[in-house]
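Asks: Chain by chain, the residues run as shown.
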Amino acid sequence: MDILSSLALGFAVSLSLQNLAYCFIGVSLGLFVGVLPGLGSAATIALLLPITYSLETTSAIIMLAGIWYGSMYGGSITSILLSVPGESATVMTTLDGYQMARRGRAGAALGMSVLASFIAGIFGLAGLVLLAPLLADFALRFGPPEYFALTLVGLTLVSYLGTQSALKAMAAAVIGLLLGVVGLDPVLATSRFTYGTLHLQTGLDLVPVVMGLFGLAEVFNMIEKRRVRRPEIALPKGLRVLPNRDDWRAAAWPTAQGTITGFLVGILPGAGATVSSYVAYALAKRWSRHPERYGTGEIGGVAAPEAANNSATGSGFIPLLTLGIPANVVMALMLGAFLLHGVTPGPTLMFKHPEMFWGIVTSMFVGNALLLVLMLPLIGPISRITLIPDRITAPFITLICIAGVYGVNNNPVDIAVMTLFGAVGYLMGKFGYPAAPLVLAFVLGPIMETSLRQSLIMSHADFSIFFTRPVSGTLIGLALLMATQPLVRALLRAAGRRAARAGAPAREWSDGGS
Amino acid sequence: MNRDQDAEPPEIRGGDRWSGAALALLATYVAFEAFQLPFGTVSQPGPGFFPVLLAVVLFVLAAAIMITARAPGPVIRFAREARDVAALAGALLVVAVFMDRLGFIVCATAAMLLLLRAVARLSWPASAALAAGGALVVFALFTTLGVPLPKGLLLPL
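The listed protein sequences derive, respectively, from chains X and D.
Under this note's numbering, think of the first position of the first sequence as 1, with each following residue one higher.
Under this note's numbering, think of the first position of the second sequence as 1001, with each following residue one higher.
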């Protein structure tokens, strides 16, 4: 099937009244929670996974995808107006966006962020449309070693990028893999870590784990911090949101650069929108003729990261839809949603369910257009959502957590599991361990284990199978390089510190109590 | 030093060493459990193969986290409101116990009432109205979307 007829098929699905409605619900919800600081898109998708159970697979994914890119649009509003990122992917937007707002140019910053998001979103999707069929075709030849290599790269990248301590992130990932082991062995169906209970026989459910780690843990943080927030920028009445000609001239190149950067970084397993926005901002600054103006309210500093994070949302779907490998945590949740509906995404998805594949892809064009139409006129009122204080949102998030997690199986044990993981997530945050690698690893675990064991069976215990095949060899080499580098660097640093301290009296580290 | 006014909030010093030690313990336990499973051979890996491998990796990472921890380590602080966090966790476990018997609306309203009073510090009437209203709206929303929630006590209504 050529691309045009595929797109026609897709739009027939995505423009059906029902799917249009779910797309609208998805982007509106995403926009709403994107504006609310604190609740991230991964948490929202986790919270809404249960209500997609009764939907058709295509509608469910359309809605969940809408939440994701919708939150990318919304997250920039708080970044610009309050210097508080509504999403981790909009952190970089605070630098110049907030400065622009302080100089009374809030409207242009907001408008530029929406327009750059839209342009990049469309280009990212166009890339997805062109690249996905080629990659799916290529991926049909992938065997277990390639899949093992892909999961390994995904996990090392997610630990390596955008986290403070790669060691802690890797430890979180290993715990996630271990949680994925619970249940029946995927090859021989032996019970593992089930402690004789039937409940654990099928493994830990994704929903209570994720709702605990992202939803409830966030509530716990809100309760502890009791953040009080007051907007420092009053929105002028009759906000002018369209950027002027000079703005366009200054933002054109950063937008284009951000789009390309975002697309490339977004495809990488383990990277995603947040990392892409960092890279795009850094490049925009470096390549600018006035790098010193960045951070003081340069419109390119808004356009580049906004373009990057939206372009990355489109390309982030590529590994999931063509390989069945989620590139980041949000995609891991999408994979969870696919699996809950009994569909395994992978190279054959496009051929077996073309209406689903192209319906989902084209719905994102529709959703981006909806967001543009929604946001340009309504940006003022939408910004007021930032006025809702955390102390009001926290109880409502809890309510939805209870309903969602219980609604899945009507099993009260799930509420307890969610509470447990909420506490785990809260403590992980305290001790500086990121939760995202854990969740990604939890989802990737079974794929990784099965492909590892199949590879070893194939090769009769010869580990060189991972290195002699070109695709898996390249990927594994990359993963090993990244995985060992922080370890070696950290050990060298520690040894250096010890040597430097050799003369001075050693400071003791006390155990704080007990 | 931003010590809080009256009561001293609990804090843990040397956070990295503690968390590293906890992970090492976890890795040891996992290894112990995983060795009970058939390991198989490398050419025919059994159910125990992957968990044993993971336990070893986790142990190495835990050791590295402890070794590379900066001397005093980060101080982990809990604000005084951490008590509320524990209280909410406890309340959710109570909800889990009573959910089947009392149903979603009663349980959710009670939990919301607690949070709105204690965290949002709203007045009783406002809390009650928001709690009951919120629970009913979510109940209606989920039920219409085809996600069944137990009616429990409200069954006859």
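Just to be clear, a hint being listed does not mean it is correct.
What the hints assert, rightly or not - Only pairs whose alpha carbons sit at most 20 Å apart, straight line, appear in this in silico EDC-like list of lysine to aspartate or glutamate:
1. Lys-1151/D <-> Asp-1100/D
2. Lys-430/X <-> Glu-1081/D
3. Lys-430/X <-> Glu-1011/D
4. Lys-225/X <-> Asp-1084/D
5. Lys-225/X <-> Glu-1081/D
6. Lys-352/X <-> Asp-205/X
7. Lys-430/X <-> Asp-1084/D
8. Lys-430/X <-> Asp-137/X
9. Lys-352/X <-> Asp-2/X
10. Lys-352/X <-> Glu-56/X
11. Lys-225/X <-> Asp-1100/D
Keep in mind that the hints were calculated from the coordinates and are not lab data.
Nothing here was measured: the structure is a model prediction, and the numbers come from that model.
Asks: Against each hint, give a clear statement of whether it holds in the structure.
Replies: Outcome of the hint check:
| no. | hint | verdict |
| --- | --- | --- |
| 1 | Lys-1151/D <-> Asp-1100/D | holds (9 Å) |
| 2 | Lys-430/X <-> Glu-1081/D | holds (14 Å) |
| 3 | Lys-430/X <-> Glu-1011/D | holds (11 Å) |
| 4 | Lys-225/X <-> Asp-1084/D | holds (11 Å) |
| 5 | Lys-225/X <-> Glu-1081/D | holds (8 Å) |
| 6 | Lys-352/X <-> Asp-205/X | violated (27 Å) |
| 7 | Lys-430/X <-> Asp-1084/D | holds (16 Å) |
| 8 | Lys-430/X <-> Asp-137/X | violated (44 Å) |
| 9 | Lys-352/X <-> Asp-2/X | holds (15 Å) |
| 10 | Lys-352/X <-> Glu-56/X | holds (16 Å) |
| 11 | Lys-225/X <-> Asp-1100/D | violated (33 Å) |
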